[in-house]
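Number of protein chains: 2
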Amino acid sequence: MPRTDIRSFNIDFFTIITNIPDMAQQNAISPTRAENFPEWYQQVIKAADMAENSEVRGCMVIKPWGYAIWELIQQQMDAEFKRTGHTNAYFPMLIPVSYLEKEAEHAEGFATECAVVTHHRLEAVKDPETGKTRMIPAGELTDKYVIRPTSETVIGAAFSRWLESYRELPIKVNQWCNVMRWEMRPRIFLRTAEFLWQEGHTAHETREEAEEETAVMHKVYEDFQRDVLAVPSIPGEKTEHERFPGAVRTFTVEAMVQDRKAIQAGTSHFLGQNFAKAQNISFAGRNNERQYAWTTSWGVSTRMIGTLIMAHSDDDGLVCPPRVAPRQVVIIPVTPKADSREAILAHCEELAARLSAQSFHGLPIRVQVDTRDINGGMKKWEWIKKGVPVRVEIGPRDLEKGSVCVCRRDKATNEKSFIAESEFAEGIVSLLQEIQDSLLQRQLNFRDSHIRPCDNLEAFKANFAGEGDADWLLCPWDGTPEEEEELAKSLRISIRCIPHGEMGTGPEAPCILTGRPTTRRVLWARSY
Amino acid sequence: MPRTDIRSFNIDFFTIITNIPDMAQQNAISPTRAENFPEWYQQVIKAADMAENSEVRGCMVIKPWGYAIWELIQQQMDAEFKRTGHTNAYFPMLIPVSYLEKEAEHAEGFATECAVVTHHRLEAVKDPETGKTRMIPAGELTDKYVIRPTSETVIGAAFSRWLESYRELPIKVNQWCNVMRWEMRPRIFLRTAEFLWQEGHTAHETREEAEEETAVMHKVYEDFQRDVLAVPSIPGEKTEHERFPGAVRTFTVEAMVQDRKAIQAGTSHFLGQNFAKAQNISFAGRNNERQYAWTTSWGVSTRMIGTLIMAHSDDDGLVCPPRVAPRQVVIIPVTPKADSREAILAHCEELAARLSAQSFHGLPIRVQVDTRDINGGMKKWEWIKKGVPVRVEIGPRDLEKGSVCVCRRDKATNEKSFIAESEFAEGIVSLLQEIQDSLLQRQLNFRDSHIRPCDNLEAFKANFAGEGDADWLLCPWDGTPEEEEELAKSLRISIRCIPHGEMGTGPEAPCILTGRPTTRRVLWARSY
Numbered sequence: 000m001p002r003t004d005i006r007s008f009n010i011d012f013f014t015i016i017t018n019i020p021d022m023a024q025q026n027a028i029s030p031t032r033a034e035n036f037p038e039w040y041q042q043v044i045k046a047a048d049m050a051e052n053s054e055v056r057g058c059m060v061i062k063p064w065g066y067a068i069w070e071l072i073q074q075q076m077d078a079e080f081k082r083t084g085h086t087n088a089y090f091p092m093l094i095p096v097s098y099l100e101k102e103a104e105h106a107e108g109f110a111t112e113c114a115v116v117t118h119h120r121l122e123a124v125k126d127p128e129t130g131k132t133r134m135i136p137a138g139e140l141t142d143k144y145v146i147r148p149t150s151e152t153v154i155g156a157a158f159s160r161w162l163e164s165y166r167e168l169p170i171k172v173n174q175w176c177n178v179m180r181w182e183m184r185p186r187i188f189l190r191t192a193e194f195l196w197q198e199g200h201t202a203h204e205t206r207e208e209a210e211e212e213t214a215v216m217h218k219v220y221e222d223f224q225r226d227v228l229a230v231p232s233i234p235g236e237k238t239e240h241e242r243f244p245g246a247v248r249t250f251t252v253e254a255m256v257q258d259r260k261a262i263q264a265g266t267s268h269f270l271g272q273n274f275a276k277a278q279n280i281s282f283a284g285r286n287n288e289r290q291y292a293w294t295t296s297w298g299v300s301t302r303m304i305g306t307l308i309m310a311h312s313d314d315d316g317l318v319c320p321p322r323v324a325p326r327q328v329v330i331i332p333v334t335p336k337a338d339s340r341e342a343i344l345a346h347c348e349e350l351a352a353r354l355s356a357q358s359f360h361g362l363p364i365r366v367q368v369d370t371r372d373i374n375g376g377m378k379k380w381e382w383i384k385k386g387v388p389v390r391v392e393i394g395p396r397d398l399e400k401g402s403v404c405v406c407r408r409d410k411a412t413n414e415k416s417f418i419a420e421s422e423f424a425e426g427i428v429s430l431l432q433e434i435q436d437s438l439l440q441r442q443l444n445f446r447d448s449h450i451r452p453c454d455n456l457e458a459f460k461a462n463f464a465g466e467g468d469a470d471w472l473l474c475p476w477d478g479t480p481e482e483e484e485e486l487a488k489s490l491r492i493s494i495r496c497i498p499h500g501e502m503g504t505g506p507e508a509p510c511i512l513t514g515r516p517t518t519r520r521v522l523w524a525r526s527y
Numbered sequence: 000m001p002r003t004d005i006r007s008f009n010i011d012f013f014t015i016i017t018n019i020p021d022m023a024q025q026n027a028i029s030p031t032r033a034e035n036f037p038e039w040y041q042q043v044i045k046a047a048d049m050a051e052n053s054e055v056r057g058c059m060v061i062k063p064w065g066y067a068i069w070e071l072i073q074q075q076m077d078a079e080f081k082r083t084g085h086t087n088a089y090f091p092m093l094i095p096v097s098y099l100e101k102e103a104e105h106a107e108g109f110a111t112e113c114a115v116v117t118h119h120r121l122e123a124v125k126d127p128e129t130g131k132t133r134m135i136p137a138g139e140l141t142d143k144y145v146i147r148p149t150s151e152t153v154i155g156a157a158f159s160r161w162l163e164s165y166r167e168l169p170i171k172v173n174q175w176c177n178v179m180r181w182e183m184r185p186r187i188f189l190r191t192a193e194f195l196w197q198e199g200h201t202a203h204e205t206r207e208e209a210e211e212e213t214a215v216m217h218k219v220y221e222d223f224q225r226d227v228l229a230v231p232s233i234p235g236e237k238t239e240h241e242r243f244p245g246a247v248r249t250f251t252v253e254a255m256v257q258d259r260k261a262i263q264a265g266t267s268h269f270l271g272q273n274f275a276k277a278q279n280i281s282f283a284g285r286n287n288e289r290q291y292a293w294t295t296s297w298g299v300s301t302r303m304i305g306t307l308i309m310a311h312s313d314d315d316g317l318v319c320p321p322r323v324a325p326r327q328v329v330i331i332p333v334t335p336k337a338d339s340r341e342a343i344l345a346h347c348e349e350l351a352a353r354l355s356a357q358s359f360h361g362l363p364i365r366v367q368v369d370t371r372d373i374n375g376g377m378k379k380w381e382w383i384k385k386g387v388p389v390r391v392e393i394g395p396r397d398l399e400k401g402s403v404c405v406c407r408r409d410k411a412t413n414e415k416s417f418i419a420e421s422e423f424a425e426g427i428v429s430l431l432q433e434i435q436d437s438l439l440q441r442q443l444n445f446r447d448s449h450i451r452p453c454d455n456l457e458a459f460k461a462n463f464a465g466e467g468d469a470d471w472l473l474c475p476w477d478g479t480p481e482e483e484e485e486l487a488k489s490l491r492i493s494i495r496c497i498p499h500g501e502m503g504t505g506p507e508a509p510c511i512l513t514g515r516p517t518t519r520r521v522l523w524a525r526s527y
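For the protein sequence lines, the chains are R and Y, in the order given.
Quick note: the first sequence uses numbering that gives the first Met the number 0, first residue 0, plus one each step.
Quick note: the second sequence uses numbering that gives the first Met the number 0, first residue 0, plus one each step.
Simulated from the structure, these hints should not be mistaken for lab results.
Take the hints with a grain of salt, since some may be wrong.
The list cannot tell twin chains apart, which means a pair is met if one copy fits it or any two copies do.
To be verified - Below 25 Å or equal to it, Euclidean Cα-Cα: the simulated SDA-like pairs (lysine to any residue) are:
hint, residue 1, residue 2
1, Lys131, Pro95
2, Lys384, Ser437
3, Lys385, Phe417
4, Lys45, Ala283
5, Lys101, Gln174
6, Lys260, Ser526
7, Lys384, Pro30
8, Lys81, Leu71
9, Lys410, Glu433
10, Lys171, Gln73
11, Lys171, Asp369
12, Lys81, Leu195
Everything numeric in this text was worked out from a predicted model, so none of it was measured.
All chains should be modelled from the sequences, with the hints used to inform the complete structure.
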């Protein structure tokens, strides 16, 4: 079905011209999701001008449209951190290698992907052959550093300095920063050498308090994904094999995207006293005896942007949930005649002012009037590809009638409604929430139709055979970490989690691999 | 004069106890500014719990109170960037050494202080003597990287990829990030190996537009320092000798702190076509011919926090201008008797709600009721040392009378006023602005009384002799960069700027060093 805007034919000659390619092409993004999902993903990012790969190995440039989404995520998530009693702080990005050596399991987990700083200056040398000046590392450091892959060690060292008495507990800090893990197969937003994230770190007097903190932040992540990103997730616990290096327990929220792969969208770790003992995070307790603190850590990253792209977008480009859309409404003035141009532009600005005076979830509604001197078809398709939730067109006839033409990004591209302008302006908050809810509902339906119980190893293997999309399977599981790794490797899958609540347990049944009876259920899936 | 709170004697036994040490000590910070300014600075930071040195060479930990100030700076400055048409983005923190090599002057400027990444993993090796496992760098990189000391090169490379036609100009982006310069003599906030900053980078079609951008951002910095940090500064241009490596012109705002040293509080660079030519930032112009863009860059950093500490604080600790105070009002319930305790606490919370429902410069007023179970004297001194602009005490008699006891941080510690609560609540916005204005006025008076014209080399040398505080001298100047460097080195001073406007020029007079006639005036000072 051609995506041409029929109405434009009547009013804008240039629109006709530029829409002709769309008629032939059908969709703004090529290839489509069905044709080649990974390549479609790259093309959506490019078409929305969100980010790009750089010449720096594995590192991306986050362009303004992508970064604006990150700012909205930060702003709304930071409010949740503060509501739950955390304050922000900032810790050094360089970690002495000796810090890493203190917690063996942790060090091992990150050693293979660390950027190592070994020198502190460059020296100019003339290449005798080419005559060109080259800069080479000089000033070798006795103590080497890594760029933080995560900050448990450097923040633990600070906690160790700060902490004297139980009266100073809990310590609950968070930092927004960049981290670096030398990824061998980078994929923009989802897996890059450098990425942006937040990492919360807390220390508590008792095990119970630390466990409670881990659970609270796990819930914050689940709620945020659902309510702000419109991405439902399965909350659960990681198996021993998938745990964060150094953690006692790791909790995760797992999102399903449109190719049915899983994305770990946030993790919360109960670290027990492992880091406290390795780093001497200790305090004088109520009984006046020295004791170790109980610590936690939790984080989400720019990977969330990859999740939201893969969850919602379609073959015309990005679909952005209203709560994180850099622009929630774009108003396009349609000005075929010079004599009505000024009046239409002024009218559009008035409407924009009326909308942006209203708030949606505590933030002023983000509106742009697209006054650029390019044709209407180009404008329209640009905003479709950028995922703007609501597009409004106002032309001479709308002005006469007091109506506006409204298109929703969550509906078909050629679906439009003409409604009274005052009705539109008064209903904008409900409209945005309706779009937010419809995106969530669509994702919920999709997810629930692609998670199935499975207790048969043959059916299990058939589901995960080949490279194609595969459902998530909920299976009785009693395997060892070694058995888990073997099965995972053979099918390029993993246990995403032991789901919380009813989903994670069931009547005694034979483990799908070992046959040993178990009440535990785990979710197997292919993942990013 | 003892800093004891007379009123507390009547109502709070514990206050008497804890205030006795204050009576002996006179001031909360030791040493005082007069005794040892650099050490006083460190002690103010410690007493306010703003930041600390870490075990990572030259890198600080910014603690919650210090980071909250940075967040307020970011939030309010970011609004200015957006108002002036900039958007945020994010670029890789690693810069290939080959990028640096392209602009020789720039490379040379930063080569001596770069953290160099040479390896991408660590390998565990067992020390044969101790039997302990150590981690050593492995996976040497063919192409080495430096951690960004500034991002002209990596952002220039992106501009070069993005730019095709004059229609895409101007490009105006900013990033908030960390940077690293291997400082040999770090000083917390003012000069650290890693620091946080923002760096704006823009590309323009014409020289005039780029010059205009440089001027606009220079003005944004000047206004921000004055209106938000209550720090007046002298805006002007750097001499060739003090210019940013690779820039055609560098503009600066120079602040004077209480030991009369200068702090460069923000710079804006007109880069001409230097980086554009080195990195091929070019576009098809209106005449369809390929031409180079004109670029600018501009930045401020966490150093601003050091400036505000040194500008406003006193011998009792931090004095924080209301616009960047993490708490603008702290309410301390005075509850000597159990039977009135609940009523007083409830009343304090009501007042807090009434205050925080109001806005000061567009942000809700930040209020805290200090309900901690520690004595009133300790609370009071903690908030004094943290620089909170307004402290309010409410006890049983205040409750009866409907009054509050108000102390301002910009007044003497024992100065207090009793005013009707409703009057206080209704006047809070004016009170905060009054404090903000009084801090600025105090700084203006101080600065203006310590800048003097000087046209005599003997008087000049006498002013800058020794290690003590020295006035800023405005001098006729026509020296070469070499002459400037020699004079600067001999007295450990520098030309801070050629001031804008009338200050930077005057009737023809002999240069203070060379005697050559000149109309130019420059400001010489000792600086951080």
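Status of the hints after comparison with the structure:
1. Lys131 - Pro95: Between copies, since 17 Å is at most 25 Å while 35 Å is not.
2. Lys384 - Ser437: Answer is within; shortest intra-copy Cα gap is 19 Å, inter-copy 52 Å.
3. Lys385 - Phe417: Result: close within a single copy only, 23 Å intra versus 58 Å inter.
4. Lys45 - Ala283: Result: close only across copies, 22 Å inter versus 55 Å intra.
5. Lys101 - Gln174: Intra 22 Å, inter 35 Å, cutoff 25 Å: intra-copy only.
6. Lys260 - Ser526: Classified as within; 5 Å inside a copy, 57 Å across copies.
7. Lys384 - Pro30: Answer is within: at 14 Å inside a copy they meet the 25 Å cutoff, but 62 Å across does not.
8. Lys81 - Leu71: Both. Shortest intra-copy (16 Å) and inter-copy (15 Å) distances satisfy the 25 Å Cα cut-off.
9. Lys410 - Glu433: within (12 Å within a copy, 54 Å between copies)
10. Lys171 - Gln73: Classified as both: same-chain Cα gap 18 Å, cross-chain 22 Å, threshold 25 Å.
11. Lys171 - Asp369: between (44 Å within a copy, 18 Å between copies)
12. Lys81 - Leu195: Answer is both: 19 Å inside a copy and 21 Å across each meet the 25 Å cutoff.
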